[in-house]
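> Fit chain B to the supplied structure of chain A, relying on the hints for placement.
First to last, the sequence lines map onto chains A and B. Following this note's numbering, the residues of the first sequence are numbered contiguously, the last one being 448. Following this note's numbering, the residues of the second sequence are numbered contiguously, the last one being 448.
Keep in mind that the hints were calculated from the coordinates and are not lab data. Incorrect hints may have been included.
[Stated by the list, open to error] DSS-like mimics (lysine-lysine), calculated; alpha carbons at most 27 Å apart, straight line:
| id | chain 1 | residue 1 | chain 2 | residue 2 |
| --- | --- | --- | --- | --- |
| 1 | A | Lys41 | B | Lys152 |
| 2 | A | Lys98 | A | Lys41 |
| 3 | B | Lys27 | A | Lys152 |
[Stated by the list, open to error] To list a few chain B residues with every Cβ distance to chain A over 12 Å, as calculated:
| id | residue |
| --- | --- |
| 4 | Gln48 |
| 5 | Gly99 |
| 6 | Arg140 |
| 7 | Phe186 |
| 8 | Asp192 |
| 9 | Thr242 |
| 10 | Asn243 |
| 11 | Glu297 |
| 12 | Pro318 |
| 13 | Glu337 |
| 14 | Asn350 |
| 15 | Gly361 |
| 16 | Gln409 |
[To be verified] Here are a few chain A residues that face chain B, going by a calculated C-beta distance under 10 Å:
| id | residue |
| --- | --- |
| 17 | Ser66 |
| 18 | Pro67 |
| 19 | Val271 |
Ideal Cβ placement from N, Cα and C applies to all residues, glycine included.
If you want the building blocks of each chain, they are given just below.
2 protein chains.
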Amino acid sequence: MVDETEKQSAHRVVIVGGGFGGLYTAKALGHTPVEVTLIDKRNFHLFQPLLYQVATGSLSPADISSPLRGILNSSKNTQVLMDEIVDLDPQQQKVVLKGETLAYDTLIVATGVSHHYFGNDHWKQTAPGLKTIEDALEMRRRIFMAFEAAEKESDEEKRRAWLTFVIVGGGPTGVELAGAIAELAFKTLKRDFRKIDTTEAQVLLLEGLDRILPPYPPDLSAKAEVSLTRLGVTVETKVLVTNIDDNIVTVKRDGQEEYIPAHTVLWAAGVKASAMGQVLADRAGATLDRVGRVMVEPNLSLAGHPNIFVIGDLANFPHQGERPLPGVAPVAMQEGEYVAKLIKQQLLGNTIAPFVYKDFGSLAVIGQNEAVVDLGFVKFDGPLAWFLWIFAHIYFLIEFDNKLIVLLQWGWNYFTRKRGARIITGEPVLNDDSLYQPPISSQAPVKV
Amino acid sequence: MVDETEKQSAHRVVIVGGGFGGLYTAKALGHTPVEVTLIDKRNFHLFQPLLYQVATGSLSPADISSPLRGILNSSKNTQVLMDEIVDLDPQQQKVVLKGETLAYDTLIVATGVSHHYFGNDHWKQTAPGLKTIEDALEMRRRIFMAFEAAEKESDEEKRRAWLTFVIVGGGPTGVELAGAIAELAFKTLKRDFRKIDTTEAQVLLLEGLDRILPPYPPDLSAKAEVSLTRLGVTVETKVLVTNIDDNIVTVKRDGQEEYIPAHTVLWAAGVKASAMGQVLADRAGATLDRVGRVMVEPNLSLAGHPNIFVIGDLANFPHQGERPLPGVAPVAMQEGEYVAKLIKQQLLGNTIAPFVYKDFGSLAVIGQNEAVVDLGFVKFDGPLAWFLWIFAHIYFLIEFDNKLIVLLQWGWNYFTRKRGARIITGEPVLNDDSLYQPPISSQAPVKV
Numbered sequence: 001m002v003d004e005t006e007k008q009s010a011h012r013v014v015i016v017g018g019g020f021g022g023l024y025t026a027k028a029l030g031h032t033p034v035e036v037t038l039i040d041k042r043n044f045h046l047f048q049p050l051l052y053q054v055a056t057g058s059l060s061p062a063d064i065s066s067p068l069r070g071i072l073n074s075s076k077n078t079q080v081l082m083d084e085i086v087d088l089d090p091q092q093q094k095v096v097l098k099g100e101t102l103a104y105d106t107l108i109v110a111t112g113v114s115h116h117y118f119g120n121d122h123w124k125q126t127a128p129g130l131k132t133i134e135d136a137l138e139m140r141r142r143i144f145m146a147f148e149a150a151e152k153e154s155d156e157e158k159r160r161a162w163l164t165f166v167i168v169g170g171g172p173t174g175v176e177l178a179g180a181i182a183e184l185a186f187k188t189l190k191r192d193f194r195k196i197d198t199t200e201a202q203v204l205l206l207e208g209l210d211r212i213l214p215p216y217p218p219d220l221s222a223k224a225e226v227s228l229t230r231l232g233v234t235v236e237t238k239v240l241v242t243n244i245d246d247n248i249v250t251v252k253r254d255g256q257e258e259y260i261p262a263h264t265v266l267w268a269a270g271v272k273a274s275a276m277g278q279v280l281a282d283r284a285g286a287t288l289d290r291v292g293r294v295m296v297e298p299n300l301s302l303a304g305h306p307n308i309f310v311i312g313d314l315a316n317f318p319h320q321g322e323r324p325l326p327g328v329a330p331v332a333m334q335e336g337e338y339v340a341k342l343i344k345q346q347l348l349g350n351t352i353a354p355f356v357y358k359d360f361g362s363l364a365v366i367g368q369n370e371a372v373v374d375l376g377f378v379k380f381d382g383p384l385a386w387f388l389w390i391f392a393h394i395y396f397l398i399e400f401d402n403k404l405i406v407l408l409q410w411g412w413n414y415f416t417r418k419r420g421a422r423i424i425t426g427e428p429v430l431n432d433d434s435l436y437q438p439p440i441s442s443q444a445p446v447k448v
Numbered sequence: 001m002v003d004e005t006e007k008q009s010a011h012r013v014v015i016v017g018g019g020f021g022g023l024y025t026a027k028a029l030g031h032t033p034v035e036v037t038l039i040d041k042r043n044f045h046l047f048q049p050l051l052y053q054v055a056t057g058s059l060s061p062a063d064i065s066s067p068l069r070g071i072l073n074s075s076k077n078t079q080v081l082m083d084e085i086v087d088l089d090p091q092q093q094k095v096v097l098k099g100e101t102l103a104y105d106t107l108i109v110a111t112g113v114s115h116h117y118f119g120n121d122h123w124k125q126t127a128p129g130l131k132t133i134e135d136a137l138e139m140r141r142r143i144f145m146a147f148e149a150a151e152k153e154s155d156e157e158k159r160r161a162w163l164t165f166v167i168v169g170g171g172p173t174g175v176e177l178a179g180a181i182a183e184l185a186f187k188t189l190k191r192d193f194r195k196i197d198t199t200e201a202q203v204l205l206l207e208g209l210d211r212i213l214p215p216y217p218p219d220l221s222a223k224a225e226v227s228l229t230r231l232g233v234t235v236e237t238k239v240l241v242t243n244i245d246d247n248i249v250t251v252k253r254d255g256q257e258e259y260i261p262a263h264t265v266l267w268a269a270g271v272k273a274s275a276m277g278q279v280l281a282d283r284a285g286a287t288l289d290r291v292g293r294v295m296v297e298p299n300l301s302l303a304g305h306p307n308i309f310v311i312g313d314l315a316n317f318p319h320q321g322e323r324p325l326p327g328v329a330p331v332a333m334q335e336g337e338y339v340a341k342l343i344k345q346q347l348l349g350n351t352i353a354p355f356v357y358k359d360f361g362s363l364a365v366i367g368q369n370e371a372v373v374d375l376g377f378v379k380f381d382g383p384l385a386w387f388l389w390i391f392a393h394i395y396f397l398i399e400f401d402n403k404l405i406v407l408l409q410w411g412w413n414y415f416t417r418k419r420g421a422r423i424i425t426g427e428p429v430l431n432d433d434s435l436y437q438p439p440i441s442s443q444a445p446v447k448v
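Here chain A stands alone, though its shape is the one from the complex (with noise of 0.2 Å):
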């Protein structure tokens, strides 16, 4: 328990979002004098960047994940709440959540993005993204239901429809999950079914611009395709998804259209702001760029409101004034850490200087002994840059029990190409009971 007194006189930190952003400013800030209070709707941090290991059965959501409560629990300053943000009032410095309203010092704002179908939000229904651990458990589903309706279908051509897996967008996640995909059916499962070949599957990853990863050096690109193609993925640029319906995919390819059956259709092509961002807008007047995202000043700030911060995914930083920061983990956490540093600086009545993002590289994985890495000075791809990506993933694996078990799991993956977690879960199972209809008694059979 905090002294009560102690409690009134402290600054009041509020992050809002426990991804990498919220976290490692609540992380820097632990044991220091201010309060902090945490918000999430979920009580864990997910490691975003291997979600893709859930949704194709390599991993299971808790290796990836680690209870906020648990990783801050030796900060005795900090405070996690399990709610949702429903206003925000600058003026009188507080938040609105659903169960309680919170007044704030300083407020720290990372509640990243979602899915963005530009416009066409029924489509999420047939080509679920890949944000949450429902999403993943979700594309598992999917993907492991496919291989077995092919193999209960007699009919050629459905079959073929079951064995098409068509993933939309060519950055680094739609990568991640083609890849995967192709190991799965090429190598994990080929011996698991009797009536279906599961190598005669296709693996088809749709990107409308000329190149797939394309905020990456263009030769990395073409090393990917080539990569992915060795894995039998196949690579499909300046293609447009017009439509996408339960069993049919529509893409316009030098302004020709064209059908694709398929029955498992993923989404990982665009990603649009959280609605913190329309707040921020509506509430402080920060202005959004065309995503949503909310611009910030050289330290993180919102243009005249100096005690409140955007970071992470939903801040636009306007990098050495040319394009914003990507929306990785290692920019959220460095932003983290930067607004952290300010605070306490400005406590001491010290100013510091705007915040600079260190880049240390870009990696991509393609596949097992396969990704790709430019470090700026250097790229390269093959085994080595597998083990960096490897060994960066592992790294920042916030707790030690999920580097371990992570580890192991990639360990035994490697070695026997099995995937442990390919199980089907969360669909409402049926009760038997509600199949069987019992005889009446004049089509019995035989007496009861």
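Leaving out everything else, chain B in the frame of chain A:
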């Protein structure tokens, strides 16, 4: 692919249910000259004895699940079908599935049991039982949400109701759940909250008979009660639950009604046979016992139907003319192996002796370093019993990767008292878009 002519001539064994009974039958029939079809509505075998650890946040669903296709993929004579049984025609020797109709020469039914609320099926909503992965995740969600709700509750009395956990039924599952929740409240979560003291939680284990673990010798029951009490569980025997609603459990003790305010009620009190028992009664004249289990012949077949076998929890096998064998994994495994042997010998023209269960003893775990063991010739409790319990469970975890990962999780939990899987998932997560009401111009505090 099986050669079509060979397929016509081979003896067709159809197994319904991929639990311990069905899976062990299928495993024992692999690489033999019969054609095996294993039907299950799920795509995985579930190691039910550890399900309570999923419910209490120690393990992930995939840690205790193995994909059936993966376990059986080297048995080329075996196909796995993800389907559900709708009806049975013993005269035509056919099972009717949702997707197709399947002919058999020998049928093995191993569909197990489900919860039994003794005529109060509406309690199911308030007091979930523990049979499936989804059940376990629902229990997990309720347990951890209760602590979150208590942290946000300012009313003393309501807070106490959130911190009261009632487990109905003092059998092995009830004892395991009560022990694990007590460890959560009094050890794991101790430092995680700021407003509540989790050690003020009440964990009540209610049993109608005069002692917990009724199938065990009385002195082991007494020892288990002492161990549970030491962990912080309140054990109450000779208590009947007469009503369960949203926040009150009504019990009868010595004829007097009492009311226990509690939000979290977990059901571990009774089981009833799955609907296949009724199908066998209606279609094949099977005799059912009081809870719907199927009475079987000394060789586990159905009276009058020598080619239909019922094994596992669904079967009532009058053990040495006494009580039926208990619904535990070793019974189902031995029955499955027995039936597989019987089929193989029958095909060679031989008969085999009736089934005899080899009882290697009983184990029930209470908490860390605490278990009770009854090996018949010797009974003991404490750390040695606990180590034996761990060894037995790891030994039987079917797939090697599950064994390693569970062992590692346990090792980590043992030394840190952490539980990595205490994440709350599966609930539809409100998109924050749905909470914020954008200002209408009249109330807008700032110009947008």
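> Is the nearest CB of chain A more than 12 Å from the CB of Pro318/B?
22 Å, holds
> Would you say Asp192/B is clear of chain A, with no C-beta pair closer than or equal to 12 Å?
About 4 Å separates Asp192/B from the closest Cβ of chain A, which leaves it inside 12 Å; violated.
> Does Lys152/B lie within 27 Å of Lys41/A when you go C-alpha to C-alpha?
13 Å, holds
> Going by Cβ atoms, does Arg140/B stay more than 12 Å from chain A at every point?
10 Å, violated
> Should the interface hint for Val271/A be scored as holding, given a Cβ-Cβ cut-off of 10 Å against chain B?
Since the shortest Cβ distance to chain B is 14 Å, the answer is violated.
> Does the claim that Gln48/B lies outside the interface with chain A hold up, using a Cβ gap greater than 12 Å?
14 Å, holds
> Taken at face value, is the distance from the CA of Lys41/A to the CA of Lys98/A at most 27 Å?
Roughly 10 Å separates the two Cα atoms, so the pair holds.
> Compute the least Cβ-Cβ separation between Asn243/B and chain A, then decide whether it is above 12 Å.
With a cut-off of 12 Å, Asn243/B remains clear of chain A, as the shortest Cβ separation is near 24 Å.
> Does the claim that Thr242/B lies outside the interface with chain A hold up, using a Cβ gap greater than 12 Å?
Correct as stated: the minimum Cβ-Cβ distance to chain A is 26 Å, above 12 Å.
> Does the CB of Pro67/A sit less than 10 Å away from some CB of chain B?
5 Å, holds
> Determine whether the non-interface label on Glu337/B survives the test: each CB of chain A must be over 12 Å from its CB.
Holds: least Cβ distance 24 Å, greater than 12 Å.
> Is the Cβ of Asn350/B farther than 12 Å from every Cβ of chain A?
Answer for Asn350/B: holds, closest chain A Cβ roughly 30 Å.
In the structure shown, a violation is registered for the earlier hints numbered 5, 6, 8, 16, 19, in ascending order.
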